[in-house]
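Chain residues, written in single-letter form:
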Amino acid sequence: MKPFDIVIVGGGGAGLYAAMEAMKTNPALNIAVLSKVYPNRSHTSAAQGGANAALGNKAKDDTVEMHIFDTIKGGDYLADQDAVDVLCSEAPKIIRELENMGTPWSRMEDNTIAQRPFGGAGRPRCCYCSDKTGHTILQTLYEQCLKKGVIFFNEYFALNLSVSGSRSNGLIAMNMKTGKVEAFQAKTVILATGGYAKMYWNRSSNAAGNTGDGQAIAYRAGIPLKDMEFVQFHPTGLRKSGLLVTEGARGEGGYLLNKDGERFMSRYAPEKMELGPRDLVSRSLETEILQGRGFDSPAGKYLHLDLTHLGADLIKSRLPQIREMSMNFEGVDPIEEPIPVRPTAHYSMGGIDTDNQTRTVMEGVYAAGECGCVSVHGANRLGGNSLLDILVFGRIAGRTAAEEAGKFTPGRISEAELAEQFEEIRGGMHPSGRYERYGELREELGQTLALNVGIFRESSLLQKGISDIAELKERFKKVRISDSSDVFNTNLMQVLELKNMLDLAETVAAGAYARQESRGSHTRIDFPVRDDANWHKHTLATLVKGDVTLGEKPVTMGRYELQERTY
Amino acid sequence: MTVSTDQHKEGKKEVTFRVFRFNPQVDSKPYFDDYTIPVERGVTVLRSLNYIKEHIDGSVSFRAFCQAGICGSCGMRVNGLSQLACTTQVWDVLAKSREPGIIKVEPLRNLPLIKDLIVDMDPLVGKMVHYSNWVDSTMPEAQMGKKEFLISEEEFLRYDKATDCILCASCVSECSILRANKEYVSPAVLLKSYRMNVDSRDASHDQRLAELVKDHGVWDCTHCYRCQESCVKSIPIMDAIHGIREDAIESRGKHDTSGSKHAEAFMTDIEKKGKLIEATLPIRTNGVVWTLQNLLPMAMKMIMKRRTPPPPPLVKSVKGIKIFRAMFKEMTEHVKQDHKSHNK
Ligand SMILES: Cc1cc2nc3c(=O)[nH]c(=O)nc-3n(C[C@H](O)[C@H](O)[C@H](O)COP(=O)(O)OP(=O)(O)OC[C@H]3O[C@@H](n4cnc5c(N)ncnc54)[C@H](O)[C@@H]3O)c2cc1C
Ligand code: SF4
Ligand code: SF4
Ligand code: FES
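So the sequence lines, in the order shown, correspond to chains A and B. Just so we're aligned, residue 1 is where the first sequence starts under the numbering used here, counting upward by one. Just so we're aligned, residue 568 is where the second sequence starts under the numbering used here, counting upward by one.
Keep in mind that the hints are not guaranteed to be accurate.
Straight-line distance between alpha carbons at most 25 Å, and here's what the computed DMTMM-like set of lysine to aspartate or glutamate pairs gives [claimed, not checked]:
id, chain 1, residue 1, chain 2, residue 2
1, A, K147, B, E722
2, B, K728, A, E109
3, B, K713, A, E65
4, A, K180, B, D594
5, A, K407, A, E363
6, B, K728, A, E324
7, B, K714, A, E423
8, B, K728, A, D131
9, A, K473, A, E423
10, B, K580, A, D296
11, A, K58, B, E720
12, B, K663, A, E324
13, A, K177, B, D624
14, A, K93, B, E722
15, B, K728, B, E673
16, A, K148, B, E715
17, A, K147, B, D689
18, A, K93, A, D61
19, A, K259, A, D333
20, A, K147, B, D731
21, A, K301, A, E423
22, A, K2, A, E444
23, A, K259, B, E607
24, A, K60, A, E21
25, A, K147, B, E708
26, A, K477, B, D624
27, A, K58, B, E721
28, B, K781, B, E720
29, A, K477, A, D526
30, A, K93, B, D689
If you want the ones that stay clear, here's a sample from chain A, every Cβ over 10 Å from chain B, calculated [what the hints assert, rightly or not]:
id, residue
31, N160
32, G165
33, R220
34, L275
35, P338
36, N356
37, R399
38, G406
39, S414
40, S432
Just so you know, these hints were derived from the structure itself, not from any lab. Backbone N, C-alpha and C define an ideal beta-carbon position, used for all residues, glycine too.
Model the full assembly from the supplied sequences, consistent with the hints where possible.
Written as structure tokens, this is what we have:
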């Protein structure tokens, strides 16, 4: 078979934009998109809030420059400022482009795209479609890809890159429907597999498959991962599932209460109370729990988000989604009872290290979306900037790969290599003697991460986290796959995802341990302040001889000098 | 994950999940496996299946991703009704269960079975492609990104609900025509087609419509309302179907014959044989009066314009048919009168 010009791994916003743009750039190219779920199922569909762009529809005085500043400041000065420039400058154009292709944006009175205020932004610049922005963007992109005739390999699970020296030959993936391991020889590969926050498992707002597969694939191929220690926590996840209760609930006047019935935010943000910035509110909830003022339950400690005083009418009319979620996933009707909540891992700032054109250090391998790290979010992502990131850099990845595909001649992926991969994933099917259960390992991983590599970090906790992860990796060798079928073996897929999470958890914990300062989402109790003299730099985690090896990379400045981040 | 109780909650129930099993590699035909587990209030069908998979039988296969009712992965039939496993409460299902304590879980219908609760979605995607379920923008590609189309709130509202669709295929599974004819366009695809057709940015309205009025298209729908009743996002799918039909009559003229050939058969079926497929008209769920009031005016309009849905594929007598027939007759007369006086 002829090699593909471009193989895109991931059918979320980033992957689909890349596919579309690559076809636009050069329609003659042979392009394939691989996805472990049907593209329209990707987690991009979960984004409700919106995407930022300084269109100036709502606030006439909004500018790209203000968007740039908000993003740099929001990221606690760890973002690369030239990349942020690209992100924000491209924003108005790309939002309009989506509009031109059919995205059903909500509208202002003058019939232009509607915008609303969002955390950390100086002007209302978040473009939205009701509370289904990500869903409609993803639909539009999927529809346009179908229109353009993009070739999809749906329900294919990417396993590894095939590598010769410093060069990639393409991708190796498993066809879920047959269980076969197949080769995708390709001149270029774009990794766009989304985030890794699901490693915190039921303390994460993410979909079950946000297990960082692309990052793990790159890592195993020797490509460095950047700033992995930065994981954003959202203050109000549902206790049992981690699913998100959006900020709207507090915006409408909901209270956060501890087990003594106290509105504890008065201690942390006496003026803004429940409406303080995300990271501050998350830290406040966590402090209450740590100091023993949370409620107890088998599913873990939690606090109350109380809406009962708002009354049935308001809850039904303004917060119907939240009511439905809380009834569906906690069995609690917020009209009658408070919602059990606790902070939930929400977004991964870290990812595959790329340049502004999304190139990685390996020839012919690119990364974009939450999977990549250019970096535009620095130490803390602003709401509404991630959808923008996947669009802007998804497009750049598609264009760059299309332009550069001709430069590369991939080697053949041998039958032997495929057989080896097959053996590796199926080897764990029937371990002899004592075996480990997938569910238990995954549960323990989530727990140790939440406890030791969570919102508050500290040297001894992190050491515990690191040794727990090492132990789990050891136990993983004995994990049993209890479905022996070749056809749609979801159990095997779960185990492969767990492997990826374990590999990445190590890099998150290592980065968090090394970074002896507090910046953005990364809070060290033992190093409570930002330390620009020693830590104003990116961390790079590379796999060397089976171990995480940490390096560093300078932050590109040029626009705004370091300042203290206060709101 | 656990499905265990909170101390302050009112306990748990023993529930038997009767799960449809089929592995094409080893099974010649499907069978059911029973799994009995304790379930507390607030637990969804999906969480129960996850529990079964992790603690009892890892080979039980189903799809799930977001676990929040937004990705559309986990459509399956729970006690006979197609819905999302991740938003369906076990206790709610139990309350309505015919066999106490038992919940039957089966794959969606009308799509090829792959394994256990997993069906093949490709045919649905194929239909989306066939009916051009995309906006074919009037803006040339080279011009894109330069300026916005100005869209009124009124236009936005025309397709707002339709864009809620998460392609979960619950409606597809419930559709009565699809059971007889796998080539039928499908409710979700009609919904999407409608959404594209009312979008002022789209340039393919006429071609899409031409495809929709062909065989297996919009005229094949029997108005049974099952798709709308089962839609997990409560989308008024029938509005879209009516909308396409009305649009077809308006923009393609009254003498477009597609669809009209079914009219006679439909009338005969109701009047003479006095039988109706229970799925054909939403009598069972909505009652005779509702059906006549809500559905027949449209049907009459269609008949007068020589456009009526096709006869039902499966015929089964319906209780209350006498009342129905009487009312139907009266109404037909009424409409005919109206029509005559209108034509004068
Ligand atoms: C609840 C929630 C709300 C959010 N709200 C907002 C918001 O309002 N605004 C905002 O800007 N951002 C928001 N975000 C963040 C944003 O949605 C995500 O960062 C973004 O959608 C990621 O897009 P992506 O294309 O990079 O990845 P995804 O959409 O996650 O897609 C990843 C793709 O990769 C595929 N894939 C993964 N692994 C493999 C593998 N091994 N083999 C093959 N394919 C694979 C998947 O199938 C999928 O198609 C939110 C996130 C969450 C969780
Ligand atoms: S009304 Fe009935 S026949 Fe028509 S699309 Fe819906 S389910 Fe199918
Ligand atoms: S129309 Fe409703 S039931 Fe049908 S696929 Fe869409 S969301 Fe699901
Ligand atoms: S798992 Fe996504 S809709 Fe149920």
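Practice item. State the violated hints by number, sorted upward, taking the hints as numbered earlier in the document. Key: 7, 15, 21, 22, 24, 28, 29, 30
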